Amino acid sequence: MNSLPSEQNPTPESGAGAVGKPRAAVVIGGNRIPFARSGGSYAYSSNQDMLTAALDGLVARFGLQGDRIGEVAAGAVLKHSRDFNLTREAVLGSALAADTPAYDVQQACATGLETVIGLSNKIKLGQIESGIAGGVDSASDAPVAVSEGLRRVLLDFSRARTTSQKLAALRKLRPADLSPDAPSTAEPRTGLSMGEHQAITTARWNITRQAQDELSLASHVRMAEAYDRGFFDDLVTPFRGVSRDSNLRPDTSLSKLGSLKPVFGRNLADEATMTAGNSTPLTDGAAVVLLGSEEYARENNLPMLANVVDAEAAAVDFVHGKEGLLMAPVYAMPRLLQRNNMTFDDFDFFEIHEAFAGTVLASLAAWEDDDFCRKQLGLPGALGTVDRSKLNVNGSSLAAGHPFAATGARIVASLAKSLAEKGSGRGLISVCAAGGQGVVAILEAR
Amino acid sequence: MADTYLKLVNAQPLDRVAKAAGLPRPVPLRRYVSGEPLVPGPVLVLGSSPGTQAVASILLEWNLDVRRHLRPKEKFGAAVVILDELRDPAQLSGAFLELGSVLRQLRPGGRVITISRPTAGATAPQTAAARHAVDGALRSLAKELRGGATANGILLGDDVQTDASGVGAALEFLLSGKSAYVDGQFITIGTSAGTQARRRSAPLAGRTAVVTGAARGIGAEIVRVLHRDGAHIIAVDVPAAGEQLAAVANGVGGTALQVDVTAPDAAGRILRHAATRYGSLDIMVHNAGITRDRLLANMDPARWNSVLAVNLESQLRINEELLASGDFSSAGSIVCLASTSGIAGNRGQTNYAASKAGVIGMVRATADALGGSARSINAVAPGFIETDMTAKIPFATREVARRLSSLQQGGLPVDVAEAVAFLASAGSAGVNGQVLRVCGQNLVGA
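Listed in order, the protein sequences are those of chains A and B.
So in this note's numbering, spot 429 of the first sequence is number 429, and the numbers just go up one at a time.
So in this note's numbering, spot 15 of the second sequence is number 15, and the numbers just go up one at a time.
Only chain A is shown next, with the shape it has when bound in the complex (with noise of 0.2 Å):
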């Protein structure tokens, strides 16, 4: 239906060529697919089949069709080496032209989110008109690596020339080596899982059970209620014949989850708080965002649901112990805010991605902290609170699950759409990742 090419050169007046603001980045809408907890619906799907499914539903919901988009940029944490240009073997799989450019991000849990970034970015200096970003994860069809043992073994063997050294090739193989390396969320530099790391947090913030619990029955309630008023009509498209998140329990009560057995920090000095219930699990699913100028959005008759403003990065010493391994987006929210003479009164929605209802809770306590706030951010104070009946109003990843690259896109076009509904206000996204990173974004309505 788009009878103008989907991408062309800007021009000088409407790229960034010119002197002052460049131009807007818009978020024009989303899809994913349904999340499926690992080794459930999705058991037998690759990341490849995910994406392109989540594309292919971008494609019918927006009459993409054949058209050549600016660049796809979407990644996987959990990646087979054959992957290595998973993004682009999704496009020429999907119904998109296959003359469109696409290529990987991997930044742990903040891929998507960073995609959606530098997309963004792109769109914003002219280099192109329009972007898909997004990320996909499975955790049921992770790869499993050899040891490393084998694997020097093989290598050696592959570069042997006789028969001599490769008898000798082969001598160097130990049994133990023969066990295959399964693909784990410890962090390499403390062998600690991710919820173990975060279990420290959570003691040293004095975050209760129940505060957890709460923030995740909020979750699911949220999240249930907004796919029983359609919000998610045009957000997702089912996939393997899941229509709804799998994690979702619309019927979980507090008492329900109160009687599940923490499942993280059961060495810590203090009481164990982390559960099942309040964590997240590993998780399959695939999210894009597309993206474009408004001159795109106009040209094809699109929506035009938020503009991306601004966002920021930041890693903390999580190795050392001086800070906690999902804590990095409270430091880079300061940043962000400071940039954009924002304060957290600025926001009508927050989105902050709950990997454990205790990275939320740690967070908010942080950022309520006056002598945190002084000594760790360098605030005169307190940055802030955050208002609750504004956080995670559609639900988050403790209710809908957390498929780890994919997270970012989710948010992002949820969030928009909530802002596109209420006609005005921003939101303010934060996603914690792995390796001790984290990134924070500001969208705001049209």
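Worth flagging that the hints you see were computed from the coordinates, not collected in a lab.
This structure is a prediction, so every number in the text was calculated from the model and none was measured.
Every residue gets a Cβ at the ideal spot worked out from N, C-alpha and C, and that includes glycine.
Treat the hints with care, as some may be off.
What the hints assert, rightly or not - To give a feel for the contact side, a few chain B residues facing chain A, derived at Cβ under 7 Å: (1) Glu243; (2) Gln258; (3) Thr262.
Unchecked claim - Restraint-style ranges between C-beta atoms, simulated for each label pair: (4) B:Glu321 x A:Asp370: 51 to 57 Å; (5) B:Ala324 x A:Ala315: 56 to 62 Å; (6) B:Ala302 x A:Gly321: 56 to 62 Å; (7) B:Arg200 x A:Leu125: 45 to 51 Å; (8) B:Ala309 x A:Gly39: 52 to 58 Å.
Stated by the list, open to error - Listed next, the stretches of chain A that the computed footprint assigns to chain B, with coverage defined by at least 3 CB atoms under 8 Å from CB atoms of chain B: (9) 60-69; (10) 227-237.
Assemble chain B onto chain A, guided by the hints.
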């Protein structure tokens, strides 16, 4: 579900057995294929009224081999019998007996089309008798024809002449393979409205069509045919059917809109999508439908209410908003899916038949209200169509149901889709308030 019996009786050695035993001998029907001739041979035009020449002129304009007489034993593809000035039953014998004398020369897949006037318009008993006599003769002839040949009639309102644009559109539809499963039916041209009767490869070019229930079966086929005829497609289905819906939309360069037609805001969302993305809405096809069969004695409220809500109440509500909206084209066409169950009734389908008969009532009343405007509303009533739904009927019942029509086989989804496309085309605008049966002249409910 493949019709195995049809294949068997059309191949050696069982073809002879079936003939000798007097078993039903259905043949593969002549269906529309782009680029193939409109009719499989010369077109015989019978009639003596001044209007006869106008019909012959239309056919000649289409470069058909038009004849007033046939040579002995010469095969022909179709006969058009013009009876627009009937005043006396005695005038019938000439045309019908002449047709009878050459009927054995009609090719398989041939067509007989009468053009006469509706009984209702006649005041003189003699005229009414003559007009209504055509009805009986035509329906009987349809039952006599073999080899996939059909007989249908065009009825001209009293102000409509044989050169009206609707006549050309109806003639093209009935002569072509598009009407393969329409048999023993009459199409009334109520007014001279419509664009010129010119054969076009894309009669719906530039028009935007919404098809509900588009994810599979008949709905997906309607999408395909409307797209073939040039329409932009908005494919609508419930969110849970989104995966197939996206594939359907991507197959035709359309857009997928996940909406439950029973939702209170369904019409608003459909109209908004059409207006934003395509400027306006020109064609509304109410195809979404469900069955929840039970004998009335076993009927529960959920079964009754859901069938009425989806099949009838949604159409009523959407039409009301559509016809009040400036976003629905002033020359817009509405096509509603009814059913022969709604005409003849069907055991176990009180709820379904109520909904489908209700659709017919709605169509007639709405058509009256549209009189004088360029908008139209019509219904298509499918009989036994080979779909996933009818594939679930028990074997023996299905086999019997298939043979209970003059064409002795089930129709295909494309047969329904072709009828929808015909009624949606601007050329048929003079057709309003009609219920076109696509049932192979089902033996019940005539």
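Hints, verified against the model:
Against a cut-off of 7 Å between C-beta atoms, the interface hint on B:Glu243 holds, since the closest Cβ of chain A lies about 5 Å away. Because the closest C-beta pair between B:Gln258 and chain A is about 5 Å apart, less than 7 Å, the hint holds. For the restraint placing B:Thr262 at the interface with chain A, the shortest Cβ-Cβ distance is roughly 12 Å, beyond the 7 Å limit, so the hint is violated. The beta-carbon spacing between B:Glu321 and A:Asp370, approximately 56 Å, falls within the hinted interval of 51 to 57 Å.
Between B:Ala324 and A:Ala315 the beta carbons are some 57 Å apart, a value that agrees with the proposed interval 56 to 62 Å. Checked against the hint of 56 to 62 Å, the pair B:Ala302 and A:Gly321 passes, with Cβ atoms roughly 60 Å apart. In this structure the supplied range 45 to 51 Å holds for B:Arg200 paired with A:Leu125, their Cβ-Cβ distance being about 46 Å. Under the hint 52 to 58 Å, the C-beta atoms of B:Ala309 and A:Gly39, about 38 Å apart, miss the expected range.
Coverage of the region 60-69 of chain A by chain B holds in this model, with 6 residues showing a Cβ closer than 8 Å to a Cβ of that chain against a need of three. Only residues whose beta carbon comes within less than 8 Å of a beta carbon in chain B count, and the region 227-237 of chain A has 6; three or more means the coverage holds.
Going down the numbered hints, you'll see the structure goes against 3, 8, while the others check out.
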